[in-house]
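Please construct the entire structure, taking both the sequences and the accompanying hints into account.
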Amino acid sequence: MAIRDLLWACPECAAFASIRSAERGVEICASCGVRFRRAHGASIEVQWPDGSTGIRTAAELEDRLPPISDMPLPAGRLGPAQALVRIARTTRPVHDRGDFLGRAEIFGPRQPATVTLDERCLAAGIPESPLVWPLDAITAVQPSSSTIQINSRIHPLASFRFVDQSVRLWEQAIQDRIRTAWIEAGRGRIVQFHPHIRSR
Amino acid sequence: MNTPADTPWPRETPPPFYRMAQFIARTAWSLAGGIHVHGREHVPETGPFLLIANHQSFLDPIFTQAVIRRPIYAMAKSTQFTDPVVGWMLRRVCSFPVRRYQVDAQAVRIALRHLERGRGVAIYIEGERTWNGRLQEPRPGTARLALRAGVPVIPCAISGTYEIWPRWARRPVRGRATIRFLPPLELPHLSGGANRAAATGAATRLMETLRTAPGPD
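Line order of the protein sequences matches chains A and B. Numbering of the first sequence is given in this note's numbering, commencing with residue 1 and proceeding in unit increments. Numbering of the second sequence is given in this note's numbering, commencing with residue 1001 and proceeding in unit increments.
Hints listed in this document are in silico derivations from the structure and should not be mistaken for laboratory results. Just to be clear, a hint being listed does not mean it is correct.
[What the hints assert, rightly or not] Chain A side only, calculated, beta carbon under 10 Å to chain B, not exhaustive:
no.	residue
1	2
2	62
3	99
4	102
5	149
6	154
[Said to hold, decoys possible] Just so you have them, the derived chain A footprint on chain B, three or more residues with Cβ under 8 Å:
no.	stretch
7	1073-1086
8	1091-1097
9	1105-1112
10	1127-1133
11	1150-1164
12	1167-1179
Built from N, CA and C at the ideal position, the CB exists for glycine as well.
Here you go:
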């Protein structure tokens, strides 16, 4: 995980997906040059290009982020972003001393993919077998540690780990697109994305 | 469901691996900042109860289980159980899988079964760790389970663990965690299942209790 996973845009210049890893423990906004690193506890040290510094809480920085819906999307599309995608192959029962506890997913190997999101679908350009998730077929968007899990009616559970972009940017962007698609389709305002998408 | 008032529940001792994990967690963190516990008297010594906590950090379930003498059964994401070592350890520390991208009826059944056997079950009402340290929206399913189970509900306010290991950080740092067990909440017992309004009302009460709890020491 990284500070860019918390900050999907730069809190100083509002550029989206601009925060990148610099040297160890330091991340930098490619747009304005502001640097971020973890200070004491859960606070973040911000260093501006003129050399001045300040300590901010994660909540203070997050409050300054622009809404995802304001994100400028070239050609109406987010990405392509490099990601490692795993598709659940099957599930396995979990037992403890003879008691059936539930089932757990067995994922296939991590496959490098280029992921894109547009108004109608989420797509993973996996070399061997590209996959497309129409937004209206997605049934859950679930963040899990540093990955996003997408469940749908047409594909098994898929897990996305983004190589150099904010997992939260993608989570929020996918949710925002699905929210808009549901409203346009007259399916109501979404009130939850997990454990399954539900509208009011 | 039977309650402690009408059934003498046996005292449950944690299994050996669980006790060892408790010891390691308490010892390690006493050197790295300490875990301060308040209101331990609100946790029943025997009988079923539902512990409903906020979720700040990866460390929350470890610290919560470390400071309660009796074993606490907790949901853990199902994907963790596929790793043979992690899965074995999770089962030894009384965890059971929940598939979080769908309504997992089996996880609810297991939680209810533990409660029927007089055990304590812990659930993180927000469903996932906070990104920014603030309380998130509650998962209505947790409140529904609390209403359906009809057992004492102990709110548990965890603070300090976000400063130790926030979700966006790679590793933990030293710091003091505070775990505050609050007096049991009186929620109605709706054995036939709770409607949306009742679940929303219970979730609101739980979140308000957690929100107004004192912060870290």
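Against the structure, the hints:
1. About 7 Å separates the beta-carbon of residue 2(A) from the nearest beta-carbon of chain B, less than 10 Å, and the hint is met.
2. The criterion of a C-beta within 10 Å of any C-beta in chain B is met by residue 62(A), whose closest approach is roughly 5 Å, and the hint holds.
3. At its closest, the beta carbon of residue 99(A) sits 8 Å from a beta carbon of chain B; the interface hint therefore holds under the 10 Å criterion.
4. Because the closest C-beta pair between residue 102(A) and chain B is about 4 Å apart, less than 10 Å, the hint holds.
5. For the restraint placing residue 149(A) at the interface with chain B, the shortest Cβ-Cβ distance is roughly 5 Å, inside the 10 Å limit, so the hint holds.
6. The interface hint given for residue 154(A) is broken, as the beta carbon of that residue sits about 14 Å from the closest beta carbon of chain B, more than 10 Å.
7. Judged by the Cβ-Cβ criterion of 8 Å, the stretch 1073-1086 of chain B is covered by chain A as claimed, because 6 of its residues qualify and three suffice.
8. Coverage of the stretch 1091-1097 of chain B by chain A holds [criterion: at least 3 residues with CB-CB distance below 8 Å; count 3].
9. Only when three residues or more bring their CB closer than 8 Å to a CB of chain A does the claim for the stretch 1105-1112 of chain B stand; here the count is 3, and the claim holds.
10. Counting residues of the stretch 1127-1133 of chain B whose CB lies closer than 8 Å to any CB of chain A gives 5, which reaches the minimum of 3, so the coverage claim holds.
11. Counting residues of the stretch 1150-1164 of chain B whose CB lies closer than 8 Å to any CB of chain A gives 3, which reaches the minimum of 3, so the coverage claim holds.
12. With 6 residues bearing a CB less than 8 Å from a CB of chain A, the stretch 1167-1179 of chain B meets the requirement of three and the coverage assertion stands.
Consistency note: the structure conflicts with earlier hint 6 alone.
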